[in-house]
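Model the placement of chain U on the given structure of chain H, informed by the hints.
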Amino acid sequence: MSIVHWLVVCALVAATWASFAFLALDLGQLFSAEAQLQMWKYVVSFFPPDVSSDYLARVGQGTLETIAISAIGTALATVFGLFIALPAAGRWGALPRGVARLVLNFLRSIPELVWAALMVFAAGLGPFAGTLALAWHTTGVIGRLFAETLENTPPEPTQALRLSGSSPALAFIYGTLPNVVPQLIAYSLYRWEINIRMAAILGVVGAGGLGQLLYFSLSLFQQPQAMTVIIAMLILVVVVDGASAWLRQRLVN
Amino acid sequence: MTREALAIPVRDPAAVPRLLLALGIIILLWPGFKLTEFDPSVLFEERSLDTMARFVGTFFPLESSAEFLRLVARSTLETLAIATAGTALAMLIAWPLALVVTRTLSISRIGPGPGFALGRVARLPARFALMFFRSIPEIVWALIFVRAVGLGPAAGVLAIGVTYGGMLGKVYSEILESNDARPATALLEAGGGRIAAFCYGMWPMALPELVSYSVYRWECAIRASVIMGFVGAGGLGQQMELSMRMLNGGEVSTILLVFLLLVMLADGVSAFLRKVTA
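If you're matching them up, the sequences are chains H and U in order.
Everything in the first sequence is counted per our numbering, starting at 1 for the first residue and increasing by one.
Everything in the second sequence is counted per our numbering, starting at 1 for the first residue and increasing by one.
Among the hints, a few may not be true.
[To be verified] Derived pair list, reagent style DMTMM-like, types lysine to aspartate or glutamate, alpha-carbon separation capped at 25 Å: (1) 34(U) - 46(U); (2) 170(U) - 267(U); (3) 170(U) - 26(H); (4) 170(U) - 219(U); (5) 34(U) - 63(U); (6) 34(U) - 193(H); (7) 275(U) - 209(U); (8) 34(U) - 54(H); (9) 275(U) - 177(U); (10) 41(H) - 26(H); (11) 275(U) - 219(U); (12) 170(U) - 151(H).
[Claimed, not checked] FRET-style restraints, in silico, Cβ to Cβ: (13) 38(H) - 263(U): 12 to 22 Å; (14) 208(U) - 168(H): 46 to 56 Å; (15) 73(U) - 163(H): 56 to 66 Å; (16) 250(H) - 23(U): 21 to 31 Å; (17) 250(H) - 65(U): 51 to 61 Å.
[Said to hold, decoys possible] Some chain U residues near chain H, calculated using beta-carbon distances under 7 Å: (18) 148; (19) 151; (20) 230.
In short, the hints are calculated from the structure, not lab data.
All of these numbers come straight from a predicted model, not from anything done at the bench.
Idealized CB from N, CA, C, for every residue including glycine.
So here's chain H without its partners, still in its complex pose (with noise of 0.2 Å):
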């Protein structure tokens, strides 16, 4: 080892202990024989989980919203984003592929959560909100895959449509679509899959959701409604993930 690394792992060290002092976290506290009692009743508090079939009628509700929320916001971020893309791609000129370039980086970096808390304020409680704020943000991420794959797809066979005089919409529809759908369907699915997860849990600042459902009956302190919407939430993450890989093998192979 060099000297850059002794260097390196004494602020790494140095970094960590000034974290807990900063923070002022007596972990001796965190894990005495008190605080380990009442931590283990509230966790004993969460058994059995409720599933009485009026509460889990809720909950398959609140599971129906998050895969609709995450479905819907998707699909605008998917139709959003490909309008976006093209001047991204630098279709029409350096102005608005800057322009465009800066809209995208701002709805990416804002977090789902940060803007789910923003629209509750514009569309109100509710799943409206969290189908917004899934929207924008994964249109940042998507119009600039989009704008990559429409920057990285051939020209010619547009050239060629628009050389024989074809209009420029046209020339887009058949010359350029049909090499990059199968690109943007995969992008679009793919963020699917992270949205629904997002979806879950979009609800603790209101927007709708099995979220929406865990915070109510946290505040509640009914923790073991609770812990039914976490196991639905822990199935619903479980089957995405297999669905996903399923699917996935079989497009592949």
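Just chain U now, with coordinates in the frame of chain H:
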């Protein structure tokens, strides 16, 4: 010669299937619009337009009073500290579990010894714990810990520690298993212990990958700790939530700007650390 004579189809032959496909997608999505209470007109109602206009109007100029900047600086440091302490805690959780679940470090696996079945069974709970820790999103852990240990950074540190402990543990063991197992196996077969085999047979080769993944997770932890603040786990997020609640746009935009700078800084630091250790 006319087009008809050449028998060139004037219409797009694929138009009908494409239209049908588009129609099918819209029909599939339709119930979603109902479920999400999709209604853009809400956005243009006078009341919400009014609130929004007043709120967005206050976004500029940025709030830059010395007092507020001091508050933001403190929250920024807190966010950094939560991410760093959380990642450290995550490593404490991840390493023992990773060493247990790594199959190439298993002594009982070598031969048909008495501990063969037992070793297999013992790995299962460790695997399950890792899966459980990382499958629950960090913000849900934060919600739970805020109620268990109270509002403040402690909940954030614990939430990052648990979630990222699960992720790091899984990835550490995957990295160790994907590396050449022969040195470690040789040490184990010559009678070395698990820890020794790890230290001398795996650590040197796997180190750059382990470091680079851990640094990447630290970077993610910064973003996560900002977000967890929204449920009361301290740091910049909590400050942002407060400012939003008070509809103080200037403060919100200052904090957003600081957040973006922080993410960029973390990006730079992590790139530097990866370069130094590579």
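Here is how each hint holds up against the structure:
Distance hint between residue 34(U) and residue 46(U) is fulfilled; the C-alpha atoms sit about 23 Å from each other, no more than 25 Å. With a C-alpha separation of about 23 Å, the suggested pair residue 170(U) and residue 267(U) falls inside the 25 Å cut-off, and the hint holds. At most 25 Å may separate the alpha-carbon atoms for a hinted pair to count; residue 170(U) and residue 26(H) exceed this at roughly 28 Å. About 18 Å separates the Cα atoms of residue 170(U) and residue 219(U), which keeps this hinted pair within 25 Å; it holds.
For the given pair, residue 34(U) sits about 40 Å from residue 63(U) by alpha-carbon distance, which is inconsistent with the 25 Å threshold. The straight-line distance between the Cα atoms of residue 34(U) and residue 193(H) is roughly 21 Å, inside the 25 Å bound, and the hint therefore holds. Of the supplied pair hints, the one linking residue 275(U) and residue 209(U) holds, its CA atoms being roughly 12 Å apart against a limit of 25 Å. Between residue 34(U) and residue 54(H), the direct Cα distance comes to roughly 22 Å. Compliance with the 25 Å bound is thereby established for this hinted pair.
Straight-line distance between C-alpha atoms of residue 275(U) and residue 177(U) comes to about 24 Å, which keeps the hinted pair within the 25 Å bound. At most 25 Å may separate the alpha-carbon atoms for a hinted pair to count; residue 41(H) and residue 26(H) meet this at roughly 21 Å. In summary, the hint linking residue 275(U) to residue 219(U) is supported, as the alpha carbons are separated by about 15 Å, within the 25 Å threshold. The straight-line distance between the Cα atoms of residue 170(U) and residue 151(H) is roughly 37 Å, outside the 25 Å bound, and the hint therefore fails.
Under the hint 12 to 22 Å, the C-beta atoms of residue 38(H) and residue 263(U), about 36 Å apart, miss the expected range. Take residue 208(U) and residue 168(H): their Cβ atoms lie about 50 Å apart, and the range 46 to 56 Å holds. The hinted window of 56 to 66 Å between residue 73(U) and residue 163(H) holds, with their beta carbons roughly 60 Å apart. Separated by about 25 Å at the C-beta atoms, residue 250(H) and residue 23(U) satisfy the suggested range of 21 to 31 Å.
Between residue 250(H) and residue 65(U) the Cβ separation comes to about 58 Å, which falls inside the hinted range of 51 to 61 Å. For residue 148(U), the interface hint holds, the least distance from its beta-carbon to any beta-carbon of chain H being 5 Å, beneath 7 Å. A cut of 7 Å between beta carbons decides the hint on residue 151(U): the least distance to chain H is about 13 Å, and the hint is violated. Because the closest C-beta pair between residue 230(U) and chain H is about 6 Å apart, less than 7 Å, the hint holds.
Violated hints, in rising order: 3, 5, 12, 13, 19; the structure is consistent with all others.
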